[in-house]
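Please arrange chain F on chain A, whose structure you already have, making use of the hints.
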Amino acid sequence: MEPTLRPGDWLLVDPDAHRGRAPAAGELVVVIDPRAPARWLIKRVVGVAADGALALGGDNPAHAREATLETVPPSSVTGRPWLRYWPPRRISRIG
Amino acid sequence: MLSRVMEALAPRRTAHAHCDIPCGVYDPQQARIEAESCYKIIQKYHDSSDEVFRMRAIHVKEERAELAKHHIDVMWHDYFKPEHVEKFPDLHAVCWKAAKQASQVKRTVDLDEAQKLLDLIDKIDQMWRETNGPATTRMQQLQPVG
Chain A
1 MEPTLRPGDW LLVDPDAHRG RAPAAGELVV VIDPRAPARW LIKRVVGVAA DGALALGGDN
61 PAHAREATLE TVPPSSVTGR PWLRYWPPRR ISRIG
Chain F
1 MLSRVMEALA PRRTAHAHCD IPCGVYDPQQ ARIEAESCYK IIQKYHDSSD EVFRMRAIHV
61 KEERAELAKH HIDVMWHDYF KPEHVEKFPD LHAVCWKAAK QASQVKRTVD LDEAQKLLDL
121 IDKIDQMWRE TNGPATTRMQ QLQPVG
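Protein chains in written order, with the numbering used here: chain A, 1 to 95; chain F, 1 to 146.
The shape of chain A in the complex, shown without the other chains (with noise of 0.2 Å):
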């Protein structure tokens, strides 16, 4: 997801931002990982199946041709992140 995150950076997410609206494609979203329960993952809504499944991708451009699309239910989606807290030199809203 570099450059717009980094290892190491602290994040809030807002865990009621899909209440009532599904996540839009451009949207960052943290959501459980489809084959490890117990992890969190935190992509970007690429796009919208008509079923509502989101594909998700990464930002980094070096990874664009390779990188696969995970797809994964709405369900899964447990927020959306919005602002980087730390390091403080890098404060910042983000998705």
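These aren't lab readings, by the way, just hints derived from the structure by calculation.
There's no promise every hint is true.
What the hints assert, rightly or not - A partial selection of chain F residues facing chain A, derived with a Cβ cut-off under 7 Å:
hint	residue
1	A8
2	H16
3	A17
4	P89
5	R138
Note that beta-carbon positions come from the ideal geometry of N, C-alpha and C, so glycine has one too.
Same frame as chain A, now just chain F:
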């Protein structure tokens, strides 16, 4: 004092942005080796009357079948590309069935089910070979000396 503040501010959960590097190394043999292990474990399970051995066999088969499933998933989600699906229209069905069969091998000591898993992985292997996988996703191995 500062460390207490940092502790209070630190996130409670970690979210991962990278599932993969991706390193670009893919080979269905990783799945096949685990599936062969399951097959042999089932054979040895049936050949043994030692209850401790049989319990251990079940336990290890569970682990190896899960690894087979992981390697199948990596091939499916990370190696194969849209142009491969055009060449092999049943690609998704084969990978899906293989992953489900790995789950089945966890549940059973039926040797036929383990054989079915090997057969499905062989189909994935064929698709990998016919999409130039060996040349593009494996490093060239050095020739053995002598």
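Verification of the supplied hints:
Violation of the interface hint for A8(F) is found here, the shortest Cβ-Cβ separation to chain A being roughly 12 Å, above the 7 Å cut-off. Hint on H16(F) holds. Least Cβ distance to chain A is approximately 5 Å, under the 7 Å limit. At a threshold of 7 Å, the smallest CB-CB gap from A17(F) to chain A is about 4 Å, leaving the interface hint in force. Taking 7 Å as the C-beta cut-off, the interface hint given for P89(F) is violated, the closest approach to chain A being about 18 Å.
Checking R138(F) against chain A by beta carbon gives a least distance of about 16 Å; that is not within 7 Å, so the hint is violated.
Comparing the model with each earlier hint shows violations of hints 1, 4 and 5; every other hint is respected.
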